[in-house]
Amino acid sequence: NAGVTQTPKFQVLKTGQSMTLQCAQDMNHEYMSWYRQDPGMGLRLIHYSVGAGITDQGEVPNGYNVSRSTTEDFPLRLLSAAPSQTSVYFCASGGSGSGNTIYFGEGSWLTVV
Amino acid sequence: DAKTTQPPSMDCAEGRAANLPCNHSTISGNEYVYWYRQIHSQGPQYIIHGLKNNETNEMASLIITEDRKSSTLILPHATLRDTAVYYCIVYTGNQFYFGTGTSLTVIP
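Here the protein sequences line up with chains A and B, keeping their order.
Quick note on numbering: the first sequence equals residues 98 to 210 in our numbering.
Quick note on numbering: the second sequence equals residues 3 to 110 in our numbering.
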C-alpha cells in the first residue's frame, strides 16, 4: 500500500460529534476515493475525486462531506457522527480512468458511541 | 446493484492451484475486471486486471471468457500467506464496485 497515508488509525466519537479523516498520497494521482467497510462485508464507495476541485458521490454518501483542494489530500468529514457510521474507512488513490490501478491505505477504525 | 457474484468461501491445498470464479454478466464493453485481496482487515491489495485478453503477472493469472460474462483468478501455487478475502471488481470508469468476495483458506 505504497504512498497512501490515512490518519488517525483509530478514533472513538460520541454521537453528534464531527471529525475529519485525513488521506494523503505522494504519487501525484488524479483519482482519490473513500470507502467504508462494515463487518463481514465488502467495501462501499462513499465519495471520489478525479482531480483537484472535482468530487462526486459514490454508493453511500449520506452523512459525509469531501473536498479536494490539492492533488495530494482528500479529507473525509463526518458532519454529525451516528452509531451507524461505526466502520473501517479506507482511502485509495490511482490514475484516473479505466485500466488504471488504485492503491489503498491501511484504514481508519472509527467507533461512534 | 451487485455487479459481480462470487462464491462466499473456498479451500485450497497448499502448493496446489487456487481457481477463484467470478460472474459479471452485466459488464459493459469498456469495463475492466480487477481483482484485489484483503488479508485480515488490512487495506485491499491489487492483484491483476484485464479487459478482454487473459493476463498474467508475478502474482496470478486472469482468465476472462470470450463473452466477458465471467472470469477466473488463478493463483498457481497457493501458499498459506494467500489466505485472504478475494474481491472481483468491475471498474466503471471512476467507481470500483466491490462485491462480497470469496474467503480463500489455504490448507497445509
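To be clear, the hints were calculated from the coordinates, so they are not data collected in a lab.
One thing to keep in mind: the hints can contain errors.
Among the chain B residues that face chain A by a calculated CB cut under 7 Å, a handful are [unchecked claim]:
(1) Pro10
(2) Cys14
(3) Gly31
(4) Tyr48
(5) Gln97
(6) Phe100
(7) Gly101
(8) Thr102
(9) Thr107
Just so we're clear, the structure is a prediction, and the values are computed from it rather than from any experiment.
By construction, the Cβ of each residue, glycine as well, lies at the ideal position given by its N, Cα and C atoms.
These are the hints, each one checked on the structure:
At a threshold of 7 Å, the smallest CB-CB gap from B:Pro10 to chain A is about 10 Å, leaving the interface hint violated. Checking B:Cys14 against chain A by beta carbon gives a least distance of about 21 Å; that is not within 7 Å, so the hint is violated. Checking B:Gly31 against chain A: minimum C-beta separation of about 11 Å lies over 7 Å; hint violated. Checking B:Tyr48 against chain A: minimum C-beta separation of about 5 Å stays under 7 Å; hint holds.
Interface hint at B:Gln97: satisfied, since its Cβ lies 6 Å from the closest Cβ of chain A, which is below the 7 Å cut-off. Below 7 Å, beta-carbon pairs count as interface contacts, and B:Phe100 has one with chain A at about 4 Å; its hint therefore holds. With its C-beta approaching chain A no nearer than about 6 Å, B:Gly101 sits inside the 7 Å limit, and its interface hint holds. Interface hint at B:Thr102: satisfied, since its Cβ lies 5 Å from the closest Cβ of chain A, which is below the 7 Å cut-off.
Because the smallest distance between the Cβ of B:Thr107 and any Cβ of chain A comes to about 16 Å, over 7 Å, the interface hint for this residue is violated.
Hints 1, 2, 3, 9 from the list above are not met by this structure, while the remaining hints are.
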